[in-house]
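Q: As a plain string of letters, each chain reads:
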Amino acid sequence: MSTPALPAVPRVLRGWYVLCTSDELGRGDKPIQRSLYGAPIVLWRGADGRPAALVDRCPHRDVPLSYGCVKGDHVQCAYHGWEFDHRGHVQRLPALVGEADKPARRAQAYTLREQQGFVWAWGDPDSQAQGEPFTFPFADKPGYLVVRQVMRARASLHAVAENALDVPHTAFLHGGLFRNDSATRNRITCKVERTPQRVQAEFIGEPRPTGLVARILSPSGGVVTHFDRFHMPCVVEVEYALGEENHIVNSAALTPADDYETVLYAVVSVRTRLPAALVRPVVQPLALKIFNQDAELLALQTRAIGQFGSARYVSTEVDLLGPHILKLLTWASKGTELDEARQVYRAEVQMEV
Amino acid sequence: MSTPALPAVPRVLRGWYVLCTSDELGRGDKPIQRSLYGAPIVLWRGADGRPAALVDRCPHRDVPLSYGCVKGDHVQCAYHGWEFDHRGHVQRLPALVGEADKPARRAQAYTLREQQGFVWAWGDPDSQAQGEPFTFPFADKPGYLVVRQVMRARASLHAVAENALDVPHTAFLHGGLFRNDSATRNRITCKVERTPQRVQAEFIGEPRPTGLVARILSPSGGVVTHFDRFHMPCVVEVEYALGEENHIVNSAALTPADDYETVLYAVVSVRTRLPAALVRPVVQPLALKIFNQDAELLALQTRAIGQFGSARYVSTEVDLLGPHILKLLTWASKGTELDEARQVYRAEVQMEV
Amino acid sequence: MSTPALPAVPRVLRGWYVLCTSDELGRGDKPIQRSLYGAPIVLWRGADGRPAALVDRCPHRDVPLSYGCVKGDHVQCAYHGWEFDHRGHVQRLPALVGEADKPARRAQAYTLREQQGFVWAWGDPDSQAQGEPFTFPFADKPGYLVVRQVMRARASLHAVAENALDVPHTAFLHGGLFRNDSATRNRITCKVERTPQRVQAEFIGEPRPTGLVARILSPSGGVVTHFDRFHMPCVVEVEYALGEENHIVNSAALTPADDYETVLYAVVSVRTRLPAALVRPVVQPLALKIFNQDAELLALQTRAIGQFGSARYVSTEVDLLGPHILKLLTWASKGTELDEARQVYRAEVQMEV
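Chains as they are written, first to last, in this note's numbering: chain A, 300 to 652; chain B, 300 to 652; chain C, 300 to 652.
Hints are not guaranteed to be accurate.
A pair counts as met if it fits within one copy or between any two copies, since identical chains are not told apart.
[To be verified] Restricting the straight-line Cα-Cα distance to at most 20 Å, the calculated cross-link-like pairs of lysine to any residue (SDA-like) are:
| # | residue 1 | residue 2 |
| --- | --- | --- |
| 1 | LYS370 | PHE471 |
| 2 | LYS370 | ARG344 |
| 3 | LYS633 | GLY337 |
| 4 | LYS401 | GLU651 |
No lab work stands behind these hints, which were simulated from the structure alone.
Using the sequences and the hints given, assemble the complete structure.
A: Below you can see the structure in the form of structure tokens.
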């Protein structure tokens, strides 16, 4: 246990991930660096306004292209001035007499989409993208207060996703803020449904949580409609309706900067009878406090997994989504079409909340 | 040599080790974390006053239980509120409908003993302890000044034990404090005796050391009785009688927090004609200075072993105990009953001091 | 890519390397530590003024001898006072009754030469040195301003050597200081010649560079004579003659402290019509600025090679010397006498500068 190592995680490269926000990718002459599962990526916005992304290594001498600068639509290496276009082709090779571009000299390129203020990349460079990135359903909807926030957690995508969608821990780690650990608990029914692209839990009969956030939003109690969803390979979504007036959708695109380093691009959409000017200053600090509690715990979890060299992970029935998320990621990372992976799974579970 | 790694050490898990002092394990609601050969251990004191220790990893999601809190006699995980008793059994599993405890959900438990102000653990969790921990013979004896001190060294248990019991280095590393490197040395006889549980050196004919400590204790010189002992798997003991009146027993239980990180729980017992109020303020700072010289050197030794990837360790006859300690630890770590390991070994060596 | 590792480099141990300057190895009683390909080396100057160097590990207990002190012509270990001479033989072993020196107790010794203010070592300890160290031809020559400088770069010897002798990058990384990236470039001819001991490029038809350094030295332009040379296993040499009056030889002995940590012992010799009092305060800061730009880039290159786990290195015709240097180092590190390695290679390449 002296030289601990974190075990490998399932890496799904064939999928869409957020690399940065549109704001982070300005129009300056300096490219930016991001990473996906440890692979450094250089991003820049060409003179034509289009974002571009390459593997962040000049094929010539391994220097990060992000150390260079933007020249028109190209990125230029700082070392010998090689210039690459958005496809990774060499458009200029100073000093050389002859053709600049040759296949061996090209940098690998990522397919990008820019939408809803995010720059998404197909995770596998130089390959054919499939489908389109996730659209946040309430990110642009009139009548909703929308708050965006970029956060980081020192944990795997899977651990962050499970944590974001897990109900039982809220009464302990966030005791008093959202739910409470009370002697008298209510038994509710949870319907779980898993398809190859998504796993969802629906909570039936859940009373309004007793913590501070819920009491602010719905002082009179009321019936709760509650869904937790994971969309492959990286989106978590918690949807709450409290009474008639309150609708909260807490989503985030999770980007595995590395196996155990996850960036959360969160989009919180709230519709409530309270004015936005009242909701935002109360809800945002509470949400950040809750996230910081999760992030601190997840970092300790990662550290322990490293110390022991593996994850133990003994699950029970009330770990509703985590084990399914791990299955979906594992199957997809193997790239094979397993029979079990194609089937729709449904179950009902009792839980005391 | 670019990516150096420290070589493995013999790990004797089947033995008693000090994990903390009784004082360090208070009655608060926060557990503490210690480690043994790199394995994190959570310790707490239940409402009944009894100490308890488990492997510091919640079986559910790998979160350190030491990040949680004490609930009555149990420790509670901070993540989902699982509660464990001193055997590692699950006493509460919130949200789950059904039985909390199942063998797969249990944490591994350490057998403990609390005596003489120390909490000892059998190093192998969930296994049958054998025998009892070492008793410091002069820790509670009337007429003795007893000083306790917890220290750390960045070196293996074996290197720390050899260093603590080694005579020749004192004239160099601690020159002037204890012994001196003089041109005129005295030839003395050393009797070495090794049994499976202990190795001891007796020094015959040793004059009173010429350094500062010895001159304070025995200004008139006198005959020296001197034993150095290692008790398996972790106790070092240096016993000195100087003349009629002075008796010093310098012992320490060594705890391998990791392969190359050793905690020393030292117990120094002194009987002398000088009053304790005089001895303590002189001897304690000198002892700490000597220890700090050893600790700095041992850290450099460890660093060099890492750089070279292995220990060279060319021993001579006057390395009286170190090679025997390594044999005892190596044999015990293999868990087999070798013929050689069962035999009693005796030798006489000449040494110039 | 989560636990990146730098790939191995060709290590030529059978060759002469600078370990320190004569000034760094004073006459005090403290030895100094240097390293070669990660192997720590202790150096000291005996009472007789002669430098000595051993593998920096006491054979007894692995303690660095550089933590000890100089005793007459010997180095003494801080732990048990063992004393070693310049051959690594044990000259004193305190406490032991009997002979101090035995082959198993000896430290490995380096063959040294001290010349031109540098202490050179044959890189393979306890082996027969061949030939003599490199002599800097203009380090002591009358009429030359000579500036010496010790610098460090976080990159392999090969990467540092290629960088030091590479022409095309100067227009970009050092744009404006030495060369410029201009739309109108001149096509020149480069003659490359490689023998087993050396590779050299001669540049024919090169106009005076347009950057600041060249304009100071030769305001009227003039014809340029320019050679870049690599002498096995570690010397780079850039020789410029600008017009009749200016002669600049920029040399450095490169010492691989580790695979990716190179120390440069630079010797710059300048003969110009300008007085030294004018040249030094202008040229030295510019040279250091250029070196710092190279060092920052080389560190990023090394980091990227570690992140990707290997170097990609797609070379073109105008990478005149780097690929040949790598061949010479690789062949020599294998220690075999390949046919290809023995042949003289000559080529002519066109380059736009």
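Q: For every hint, state whether the structure bears it out.
A: Each hint tested on the structure:
no.	hint	in the structure
1	LYS370 with PHE471	between (53 Å within a copy, 13 Å between copies)
2	LYS370 with ARG344	within (10 Å within a copy, 56 Å between copies)
3	LYS633 with GLY337	within (19 Å within a copy, 33 Å between copies)
4	LYS401 with GLU651	between (63 Å within a copy, 19 Å between copies)
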